[in-house]
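Asks: The opening position of the sequence shown corresponds to residue 1 in the numbering used here, with each subsequent residue numbered one higher.
Worth flagging that the hints you see were computed from the coordinates, not collected in a lab. Incorrect hints may appear among the rest.
To be verified - Ranges of calculated distance between the beta carbons of each label pair, as one might list FRET restraints:
id, residue 1, residue 2, range
1, His472, Asn160, 52 to 60 Å
2, Gln79, Thr475, 52 to 60 Å
3, Thr76, Asn116, 18 to 26 Å
4, Thr223, Ile636, 56 to 64 Å
5, Gln79, Ile636, 31 to 39 Å
6, Thr76, Lys597, 51 to 59 Å
7, Val118, Val253, 32 to 40 Å
8, Asn474, Arg385, 30 to 38 Å
9, Pro264, Asp617, 55 to 63 Å
As the list claims (entries may be wrong) - Here are the computed lysine-lysine pairs in the DSBU-like style, where the Cα-Cα straight-line distance is at most 35 Å:
id, residue 1, residue 2
10, Lys500, Lys418
11, Lys194, Lys110
12, Lys557, Lys542
13, Lys535, Lys451
14, Lys557, Lys544
15, Lys342, Lys236
16, Lys258, Lys300
17, Lys544, Lys419
18, Lys473, Lys535
19, Lys513, Lys535
20, Lys409, Lys493
21, Lys155, Lys174
22, Lys597, Lys542
23, Lys194, Lys216
24, Lys502, Lys599
25, Lys216, Lys143
26, Lys194, Lys236
27, Lys513, Lys493
28, Lys278, Lys342
We put the CB at the ideal spot given by N, CA and C, even for glycine.
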Amino acid sequence: MVLYEKNVFSLFLTLFFFLTLFHSNSPAQDYMQWRLPTNAKIRLGKGEITGNIAYSPDGSRLAVSSAIGIWLYDTTTHQEVDLLTMHQREVNSIAFSPDGRTLVSGSSDKTICVWNIVTGEHKQTLTGHMSSILSVAFSPDGKTLASGSEGKRYKNLVTNVTVCLWDVVTGRRKHEFTDHTGPVTSVAFSPDGKTLASASYDKTVILWDAVTGESKHILTGHTHPVTSVTFSPDGKTLVSGSMDNTVIFWDVVTGTRKDIHVEPGNRINSVAFSPDGKTLVSGDFNNSIIFWDAFTGARKETLTGHTDWVRSVAFSSDSKTLVSTSRDNTIIMWDVATSKRKHTLTGHTRWVISLALNPNGRTIASRGLFTDTILLWDAFTGAHRTMLIEEQTSVMSSFVSVVFSPDGKTLVSSSFDKKIHLWDVVTGEHKHALTGHTDWVDSIAFSPDGKTLASGSSDNTIYLWEAVTGVHKNTLIGHTSGISSVAFSPDGKTLASGSKDKTIRLWDVATEKHSYTLMGHTSWVNSVAFSPDGKTLASGSKGKTIRLWDVATGAHKRTLIGHTGEISNVAFSPDGEALASGSFDRRIRLWDVATGKHKHSLTGHTDDVSSIAFTPDGQILISGSADGTILVWDLIPLTNPIGDRNKIKNNGL
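Throw the hints in and build the complete structure from the sequences for me.
Replies: Shown next, in the form of structure tokens:
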């Protein structure tokens, strides 16, 4: 009875803790369950905003290009209404058909997808480009689609750069233009549909006859890549924005320059005319949006609010609202008349460079590349809160790695600014800042008893710290290049370090002496992990291979081959029977440790898999990706479920 009461009380405290921790957030949104890959239970984060934004012609929908697909928002309620997924890589450009019933998307997977926007159905895929598609646009009659590609770069030469015209009904390619010598960043049709404009990294804009495919004018004058083009509603003027800090107005008929505006220090990323033709807007790399008088060229207003460069700007069909997206992953809707912010859409997240699971497997800590915050997620509901905010004076101060202490009360983060930070998980209070490394701190690990913290740095050293006081205990020296990964053995007696010098070193923690050097990888060692019994060490390499080592002797046991990209992370299941590996090939592989055989692949991320972790029961795997999302995978349904073997054994099956 006493034991029962203690268990109930313990359960109550646990529930109270998590209700308090995530109280500020609403329950998981339905969109976390949309279009999930096979075996995924939930998706945390909407993915990074990667391309342009587009209003539907009737103004009811807003489409946003992201790393995982196209998000559709209701412009009245500002709620998510759909997620369109089919592309294997990030979406770079989207466009609505004039009747608003069709949406097209161009992707880095070299394809164009055509969608029924009413049903969300994928209608067809257009193939033919040999490289990433950076821009798409519909003709005014909706019958023709234009697309521009990035091309393939070899040293200083760019090849296979194309602009294509497609028949929307049949999907047949009508014309292919190959005059550009650099990536085509933007394509746009004139209002009468007779002229197509294409902008390029080759510093030119080309005007094409959309019917015959002939080049009409090559517009020169920019001194840096041209990033965006837009026609005035009357079709007489074309405006181009460039990374040379200029906006140029061109006469469409003659191809001559009419006007030029220089914005010192403001590289232009996007330009758009209002549908009424009165206003031109530009978004720039200085985080600002500028309104221009379309007739006089005078600067009218500057909008600020984004904290990173502006990716895309677009007007609503009634010219009353402007929407902007930014590399800060926010979408802001602005009132054009007052220049005031109307609403901000959030939830899009940057490259998840590191994640950690707390000891009870319930809370995920994640950090994105070049961000000054760490997010804490409930792994089962998707609720989250932002914590650990530090003023970011430069990208060098952003966090690199995160890890929980064994008791789950402390979170440690390392960063590009050479520091290590310790945080109180419950209060968010900053406890210590550990200094001493002279270069990036790439990896951190707690000893099993929580008393010692190890840090590996690009300065080729490993520091051992007293975790409670933050006192530096010792420095381990021996690697000849940066330390990518550090890990303690389960008994805490051995520390393993993986390095860019292609070796792994095993250290005796008590004596702080080097025990073995494990050699065999042909490239950087990105990740090391001990098996739960401490007898085996796994290492993942930039060379696309995984090696298993005998910890007692330092002998190589076997090599696991199958990934087509570098290995970013390796992790053993709690029972030690399976090894999970994350890779830049966007896949997670599950391996049988005893035989070295590949058992299963988890696919669904659209960019590099950067971090993985098992829950304590081994039934769930968490993965973070450069696509900006975290996927929570259910391992039980897999054939011969790795995470459920103990249950099978206990039942005598």
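Asks: Compare the structure with each hint and give your call.
Replies: Status of each hint after checking the structure:
1. In this structure, His472 and Asn160 meet the distance hint of 52 to 60 Å, their C-beta atoms being roughly 53 Å apart.
2. The given range of 52 to 60 Å is respected by Gln79 and Thr475, whose C-beta atoms sit roughly 53 Å from each other.
3. Under the hint 18 to 26 Å, the C-beta atoms of Thr76 and Asn116, about 22 Å apart, fit the expected range.
4. Separation of Thr223 from Ile636 is about 59 Å and conforms to the stated range, judged on CB atoms against 56 to 64 Å.
5. At roughly 32 Å, the beta carbons of Gln79 and Ile636 sit within the given window of 31 to 39 Å.
6. For the pair Thr76 and Lys597, the beta carbons lie near 54 Å from each other, so the given range of 51 to 59 Å is met.
7. Val118 and Val253 have their C-beta atoms about 39 Å apart, which keeps the hinted 32 to 40 Å range intact.
8. Taken as a hint, the range 30 to 38 Å holds for the pair Asn474 and Arg385, whose Cβ atoms sit roughly 36 Å apart.
9. Range check, Pro264 to Asp617: about 58 Å between beta-carbon atoms, so the 55 to 63 Å window is met.
10. Restraint check: the Cα-Cα separation between Lys500 and Lys418 comes to about 18 Å, which is no more than 35 Å; the hinted pair holds.
11. This hinted pair checks out: Lys194 and Lys110 have alpha carbons roughly 26 Å apart, not beyond 35 Å.
12. Restraint check for Lys557 and Lys542: the C-alpha separation of about 19 Å stays at or below 35 Å, so the hint holds.
13. For the proposed pair Lys535 and Lys451, the alpha carbon gap of about 22 Å is at most 35 Å, so the pair holds.
14. Using a Cα cut-off of 35 Å, the hinted pair Lys557 and Lys544 holds, with the two alpha carbons roughly 17 Å apart.
15. A C-alpha spacing of about 32 Å is found between Lys342 and Lys236, which places the hinted pair at or below 35 Å, so the restraint holds.
16. Between Lys258 and Lys300 the alpha-carbon distance is near 19 Å, which keeps this suggested pair within the 35 Å criterion.
17. Of the supplied pair hints, the one linking Lys544 and Lys419 holds, its CA atoms being roughly 30 Å apart against a limit of 35 Å.
18. Under the criterion of a C-alpha separation no larger than 35 Å, the hint pairing Lys473 with Lys535 is consistent with the structure, at around 27 Å.
19. Between the alpha carbons of Lys513 and Lys535 the distance comes to roughly 19 Å, so the proposed pair stays at or under 35 Å and holds.
20. Our distance criterion of 35 Å between C-alpha atoms is met by Lys409 and Lys493, whose separation comes to about 23 Å.
21. Of the supplied pair hints, the one linking Lys155 and Lys174 holds, its CA atoms being roughly 31 Å apart against a limit of 35 Å.
22. Restraint check for Lys597 and Lys542: satisfied, since their Cα atoms lie roughly 20 Å apart, inside the 35 Å limit.
23. With a C-alpha separation of about 11 Å, the suggested pairing of Lys194 with Lys216 holds against the 35 Å cut-off.
24. A threshold of 35 Å between alpha carbons decides the hint, and for Lys502 with Lys599 the separation of about 27 Å falls inside it, so the pair holds.
25. As the CA atoms of Lys216 and Lys143 are separated by approximately 22 Å, the hinted pair is consistent with the 35 Å bound.
26. Proposed proximity of Lys194 and Lys236 is supported: the alpha carbons are some 12 Å apart, at most 35 Å.
27. At roughly 11 Å between alpha-carbon atoms, Lys513 and Lys493 fall within 35 Å of each other, so this suggested pair holds.
28. For the suggested pair Lys278 and Lys342, the alpha carbons sit about 21 Å apart, so the restraint of at most 35 Å is met.
Of the numbered hints given earlier, the model fails none.
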